[in-house]
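**Q** One letter stands for each residue in the lines below.
Number of protein chains: 6
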Amino acid sequence: MPAMTIKLFEGRTKEQKRELAEAITRETCRVLKCSPESVDIVYEDVKKENWATAGVLWADKSA
Amino acid sequence: MPAMTIKLFEGRTKEQKRELAEAITRETCRVLKCSPESVDIVYEDVKKENWATAGVLWADKSA
Amino acid sequence: MPAMTIKLFEGRTKEQKRELAEAITRETCRVLKCSPESVDIVYEDVKKENWATAGVLWADKSA
Amino acid sequence: MPAMTIKLFEGRTKEQKRELAEAITRETCRVLKCSPESVDIVYEDVKKENWATAGVLWADKSA
Amino acid sequence: MPAMTIKLFEGRTKEQKRELAEAITRETCRVLKCSPESVDIVYEDVKKENWATAGVLWADKSA
Amino acid sequence: MPAMTIKLFEGRTKEQKRELAEAITRETCRVLKCSPESVDIVYEDVKKENWATAGVLWADKSA
Chain A
7 MPAMTIKLFE GRTKEQKREL AEAITRETCR VLKCSPESVD IVYEDVKKEN WATAGVLWAD
67 KSA
Chain B
7 MPAMTIKLFE GRTKEQKREL AEAITRETCR VLKCSPESVD IVYEDVKKEN WATAGVLWAD
67 KSA
Chain C
7 MPAMTIKLFE GRTKEQKREL AEAITRETCR VLKCSPESVD IVYEDVKKEN WATAGVLWAD
67 KSA
Chain D
7 MPAMTIKLFE GRTKEQKREL AEAITRETCR VLKCSPESVD IVYEDVKKEN WATAGVLWAD
67 KSA
Chain E
7 MPAMTIKLFE GRTKEQKREL AEAITRETCR VLKCSPESVD IVYEDVKKEN WATAGVLWAD
67 KSA
Chain F
7 MPAMTIKLFE GRTKEQKREL AEAITRETCR VLKCSPESVD IVYEDVKKEN WATAGVLWAD
67 KSA
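Residue numbers (the numbering used here), protein chains in the order written: chain A, 7 to 69; chain B, 7 to 69; chain C, 7 to 69; chain D, 7 to 69; chain E, 7 to 69; chain F, 7 to 69.
Hints may be right or wrong, so weigh each one.
Repeated chains share a single entry, so a pair holds when one copy, or any two copies, can fit it.
Once the Cα atoms are required to be at most 27 Å apart in a straight line, the calculated BS3-like pairs of lysine-lysine come out as [what the hints assert, rightly or not]: (1) K39 to K53; (2) K54 to K39; (3) K67 to K54; (4) K54 to K20.
Honestly, the hints are just simulated from the structure, not real lab data.
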């Protein structure tokens, strides 16, 4: 508490996930006045064929 | 907004995901009077060993 | 299986939820060749102060 | 994409949600090189009787 | 980790949530060999008009 | 209904998932007085580089 899930397109590097988790945790603690240990973040890598906006798969938009 | 997640057994084809995203987006816009651009759909492919109903994994039911 | 969650702004009527569930279930069964009984849909009503796009709460955009 | 859900204890103010959405969106765009418009955040307010850690409801821990 | 979300119809009592969280945490630790502190459970109370199976809202089934 | 999602680190065996699904379903039915058929559980295997606590990826903690 807080617990976050972050869906992003697959292909993000471990370095980006590391840096983003660090930054989001820092900002969350600053705004909500909570301890870092209470912040949990789970990334979900999503394939472009598994995400649609406006009824079109992103795999098709990129084509 | 609206944002949907759809969990389904893995093995569905890209064609099925494409057709379903299109149909769901169309029906959603018709009923909710929203624009297609506002409809986001994320599929989650679930392995049969990761889904249980009535306490039994689907991987075991299929056996 | 499939199991869906649909986040939408609060204020949608029960009639809209009823009609949308019906339509989405029908389309899902048609495309995935599954039985209606296997389709589960959960709506989540989201307040405008609980949804942000581009870093701005929708409660503030409407203002 | 990215799309985030953030579960937090109820009682956070609209000001905190506003400030946090702004900060997380800014950091996400910086690290992932994406546009602010692509960042969606949904907060879920959770009652203390609906969250348990180590098998104990937070409503009981506070007691 | 593990982190669970449990959607159930609204109306469950705090006593039931307390007892279930305790039992699930105990069983999880037994099977996965993890410590109780690592088990997080969040309940989501769902209204009957927000859950549909086979295309019918549970609010309508009860009618 | 109830419907559960359980995020756990990847590497859990099918035997553990089978045993845990069985135990959780049994306890849920006992406490909530519901039928086993109504209990749905979905596991989500999470890589250690996709889970952060206190701003640090578990992939880095293990290092």
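**Q** Identify every previously stated hint that the structure contradicts and give their numbers, smallest first.
**A** Of the numbered hints, all hold.
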